[in-house]
Amino acid sequence: MGGFQGKSDAKAQDFRGSLKRFGSRLRPERLIVVVVIVLAFASVFLAVLGPKLLGNATNIIFDGLVSSQLPAGMTQDQAVAALNATGQTDRADMVAAMTLTPGEGVDFAALARILAIVTIVYVLSSVLSWGQNYLMAGVTQRTIYRLREEVDHKLGRLPLRYFDGSSRGDVLSRVTNDIDNISMTLQQTLTQLITAVLTVVGVLAMMVWISPILAVISLLTVPLSFWVTMIIAKRSQPHFIAQWKWTGTLNGHVEETFSGHDLVKVFGHRRRSIEEFDEANELMYESSFRAQYISGIIQPALTVVANLNYVAIAVIGGMRVATGTMSLGDVQAFIQYSRQFTMPITQIAGVANILQSGIASAERVFELLDEDEETPDDADAVLLVEPTGRIRFEDVAFRYLPDAPLIEDFNLSVEPGEIVAIVGPTGAGKTTLVNLLMRFYDVDSGSILMDGQPTLRMRRDDLRRSFGMVLQDTWLFEGTIHDNIAYGAIDPTEAQIEAAARAARVDHFVRTLPDGYQTLLTEGASNISAGERQLLTIARAFLADPAVLILDEATSSVDTRTEVLIQQAMAELRHGRTSFVIAHRLSTIRNADVIVVLEQGRIVEQGTHEALMEAEGAYYRLYQSQFEEPQDPDES
Amino acid sequence: MKDLLVTYLRPHRKALGVIAVLLLIQAITNLYLPNLNADIINYGVLTGDTAYILRVGGLMLLVSILLGVASVITVYYSARTSMRFGREVRGDLFRHVEGFSLSQMHAFGVPSLITRNTNDVQQLQMLVMVGLTMMVLAPITAVGGVIMAMRENVQLSGLLIVTVPLMIAVIGIMVFKAVPLFRAMQVKIDRVNGVLRENLVGIRVIRAFVRTSHEEERFAEANADLTDTALKVTRLFALIMPTLMLIMNLTIVATIWFGGHLIAEGSMPIGNLFAFQSYIMQILFSVMMAVMTMMMVPRAAASAERIQAVLQAVPDIAEPEQALATPLPRIGRIELRGVEFRYPGAEESVLQDVSFTLEPGTTTAIVGGTGSGKSTLVNLLPRLLDVTGGAVLIDGIDVRDIPLEELWDLFGLVPQRGFLFGGTVGSNVRFGRPDATDEEVWEALTIAQAREFIDLLPEGLDAPIDQGGVNLSGGQRQRLAIARCVVREPLIYLFDDSFSALDYTTDARLRGALAQQTRERTVVIVAQRVSTIMDADRIVVLDSGRVVGIGSHDDLIETCEPYREIVASQVALGGAR
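Chains as they are written, first to last, in numbering that gives the first Met the number 0: chain L, 0 to 635; chain P, 0 to 576.
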């Protein structure tokens with residue numbers, strides 16, 4: 000419906016450049032593309048030839064019909080003379096223009112010959128057209144496959160900075176919706192465009208060949224059709240814009256009202272919400288009715304134009320046949336051509352629209368492919384064979400944004416087996432240290448040393464293998480529980496997996512499930528509770544058996560019994576390993592060898608519990624707040 | 000689908016009648032044109048009568064214009080009818096869902112209800128639009144074309160007996176093969192997107208466990224699988240158009256061959272050959288159109304089913320049949336009498352035999368593990384859910400006897416998720432009380448400890464809030480949600496785990512400030528954190544839907560084992576008390 004408004008919001012910024020780049024992606028397929036173009040040429044050529052040949056067939060019938068009405072034994076000239084003599088001058092002209100033998104009927108042998116040729120032409124044309132589509136399907140799908148693959152590999156090389164800095168929905172939309180859209184575009188535009196352009200050219204040539212005058216008349220309808228379409232489209236455009244706007248408003252309202260259902264009711268907004276809905280619904284109706292109606296006129300209007308053309312050809316053609324300046328078969332062929340003429344033109348217009356939106360999508364994908372990648376690993380990287388877990392931060396400085404200093408001159412030594420607690424209020428940036436340790440981000444200056452070696456000189460993969468991570472934001476993938484735990488190591492045995500699960504206190508729970516370790520987790524693992532999810536990620540870390548641990552404590556949404564299990568499992572996991580604990584509870588903090596206190600992303604204090612309590616600084620305040628009486632706001 | 004269409008289209012039957020007449024006119028005029036063209040050839044061209052040619056040509060022009068006018072009016076009526084249909088279904092659906100209880104909302108799922116109210120209606124509306132034009136016009140034209148073709152020449156029409164079924168068969172086979180492929184392709188697209196989504200969500204974990212290449216393999220597999228199926232689909236489609244064109248073209252070739260014989264025998268005038276060809280084209284195009292549009296039907300039928308499922312669900316929460324005899328006393332004493340709640344069809348109750356009274360001027364905390372029924376309990380009070388046994392009474396009146404709007408007027412609610420509406424800070428707070436002044440809004444923000452971060456926003460109260468409040472942190476959302484409740488100054492405050500995203504300091508300050516405002520009100524707090532509830536006048540401990548302890552913090556520490564467990568798990572080192 001009203002397809003021409005396309006995706007008016009999705010306009011390419013550099014259409015020509017992106018189109019070129021998009022085209023260059025077809026380079027590996029260029030041989031096949033050439034074949035496709037050749038096939039398209041051949042198929043269109045044959046298809047265009049068809050009506051003219053059929054016209055000749057009609058002429059044979061017509062000639063036979065006319066000649067059978069003339070007395071046998073006469074020559075054609077005699078027949079013309081006879082007609083002139085009886086005053087049928089028009090008819091005489093017509094007969095004069097034909098090739099016939101008076102008295103003879105339809106020459107069926109000749110007719111059969113022509114029709115046989117036409118049949119072959121049409122069959123060939125269809126076969127070639129099919130071959131062209133078939134090959135193009137391969138070109139499209141392979142190109143899209145490569146594009147998807149390339150994007151996926153690119154995602155693997157992009158730094159975390161990119162993912163943190165852009166919305167997940169946006170990235171996801173680029174790699175899914177946009178690529179789907181490109182695939183559609185590629186499939187629909189290329190062959191259609193070639194065929195449509197060739198058909199227009201071929202048909203036009205035939206029309207001019209048959210009758211220049213009729214061709215001019217038919218050509219006049221082209222700008223007329225365009226003009227009609229433009230005028231109507233222009234008028235419907237604002238209604239389409241309004242339609243999308245109100246659709247958006249309405250959908251937003253429905254989404255909010257349903258999502259905040261309880262609030263809308265309890266706060267007494269039900270009536271108002273319905274009123275607002277009705278208003279948007281009415282406006283959406285008004286605009287979509289107008290948009291659909293006005294754009295719906297285009298088709299009938301074009302039909303009227305086409306019919307005018309048809310009438311003109313029938314009348315003028317008929318008169319020319321009657322006067323012998325044109326054969327009946329040619330008129331028939333011409334009518335067919337003029338019908339074939341308008342269709343590819345509207346097609347080209349449609350393709351232009353699809354191409355616009357496809358190139359806009361391609362641009363968004365190219366943008367992603369052009370993003371800066373992580374600096375490559377050192378060629379002569381250091382490899383720690385058996386990391387002990389000794390870590391030192393030396394004069395580390397880091398900032399996410401160039402003009403917002405975050406960590407300056409940070410020094411910290413951690414011996415193997417020690418616990419570092421990272422504390423601070425919500426949103427204080429506790430994950431920054433994790434980011435630096437794991438080299439999700441690289442330090443701006445200074446260095447982090449592991450067993451005396453700067454981590455910047457190690458391969459990222461080697462470095463990360465020495466870490467185990469259990470985050471609040473548990474990540475489990477769609478698959479069995481078994482596979483999810485096994486993720487911690489490469490090809491672990493059943494026994495290892497179960498041992499890890501036991502250590503993580505989740506073995507019992509898994510065994511209460513009907514399918515045990517083979518239970519399928521859905522995406523986001525919403526079929527088990529938050530606490531159970533966390534236990535599974537702990538099991539994963541057990542299996543990985545790393546030298547250094549990064550732990551995020553349980554969330555508040557875990558029930559108390561599971562929480563006890565999580566704490567026990569984490570304590571066991573910490574045993575004998577260097578751990579960095581993002582702490583929410585005091586139990587861990589007190590045990591810690593070093594406590595790092597963060598405020599608004601910055602490290603404000605570090606030391607042991609006792610030392611920090613004595614200093615009465617940020618930590619002291621934080622500690623107090625957890626246990627103090629609720630106080631009057633006026634005092635604080 | 001039929002019921003839905005009949006119900007909602009019946010009021011428009013006049014328009015439908017007009018459309019039917021117009022479509023008939025369209026079909027007739029469309030079919031009349033080739034007939035006139037044949038006349039031009041038979042009686043004009045062959046006899047050299049130019050006056051006749053011009054006269055009939057003029058008639059053709061008039062017929063074309065009539066056809067155009069009829070089409071435009073058809074579009075007008077069909078656009079109007081289908082869009083009205085959409086408007087009405089949408090409106091009814093929305094009103095209907097507004098009457099649902101929370102459990103009904105959850106049974107359908109909020110996202111699903113949204114889709115049903117938007118996309119599904121859209122889908123159906125489009126089907127009505129297309130149905131009112133193409134789907135009706137195509138069969139009329141096809142049948143009319145056959146009749147006209149037979150009028151031109153019965154023998155030649157025999158060709159149609161071969162061609163039309165052949166065409167339908169070809170399209171049928173293609174569709175039959177394409178539908179399962181399409182379905183498979185959708186599954187595989189979802190799979191590729193699913194893997195990608197997982198990779199984006201879990202990027203830290205994947206890199207931490209050095210599994211990038213493993214994930215790339217997984218993706219490559221899904222990608223190859225998808226490409227495979229997509230290739231099959233596109234190749235199948237590569238076959239459709241050439242085949243259909245071939246059938247049409249060969250039919251015309253056959254027409255000329257057999258027609259030639261008929262003409263030579265003198266049993267058909269030559270002009271009819273032209274008309275016949277036009278009819279064949281029209282018939283075959285109609286068949287193609289009809290089949291293509293029919294492909295819309297299964298999808299729309301699925302949408303219709305989903306819409307009807309909603310419309311047929313009877314809302315759980317019904318208005319009382321009669322108004323209250325005396326006005327509500329508005330004291331705020333809530334009594335739960337042997338309350339039971341059970342989801343329909345569930346084996347076990349969520350809540351069972353819950354009885355206690357909430358007095359005005361007191362704060363009652365409800366604690367318990369996940370799944371112990373805390374939130375359900377809160378939702379029973381303002382009838383977001385209805386009890387399945389026992390009763391909830393407010394000031395001695397069963398809540399089910401209080402008119403809904405009056406009942407809700409008593410409450411202020413802060414739900415678990417701190418849901419915000421798209422708009423501004425001000426509009427969100429004023430959701431609690433539309434006529435609140437700026438001062439009142441600021442005061443509420445101050446109490447909710449939201450002032451500090453609102454003050455940092457240059458636009459202040461006019462700072463934009465995205466839908467769902469996604470541009471704020473969890474803690475900020477919760478504080479605004481609390482301000483929204485505070486500005487309402489309700490008789491009864493319900494806080495459903497509303498402090499969980501706040502850090503301890505803010506939590507403590509907020510409760511301190513709230514205590515002032517809620518001094519004479521009934522307050523219910525659901526919480527996980529012990530520090531949040533320690534100071535409540537009364538704590539109700541729930542375990543698997545039953546009350547296992549009621550009392551003050553100190554009492555419960557002494558007497559209630561489940562409560563002790565909860566406290567112990569949170570203050571493991573016993574730093575406090």
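Honestly, the hints are just simulated from the structure, not real lab data. It is possible that part of the hints are untrue.
What the hints assert, rightly or not - Here are the in silico distance ranges between beta carbons for each label pair:
{"no.": "1", "chain 1": "P", "residue 1": "PHE284", "chain 2": "L", "residue 2": "HIS152", "range": "44 to 50 Å"}
{"no.": "2", "chain 1": "L", "residue 1": "ARG112", "chain 2": "P", "residue 2": "SER266", "range": "32 to 38 Å"}
{"no.": "3", "chain 1": "L", "residue 1": "ASP371", "chain 2": "P", "residue 2": "MET240", "range": "41 to 47 Å"}
{"no.": "4", "chain 1": "L", "residue 1": "GLY104", "chain 2": "P", "residue 2": "ARG12", "range": "54 to 60 Å"}
In this text, a Cβ means the ideal position worked out from N, Cα and C, and glycines have one as well.
May I ask which of the numbered hints given earlier this structure violates, with the numbers listed in increasing order?
The structure conflicts with hint 2 only, although it agrees with all the remaining ones.
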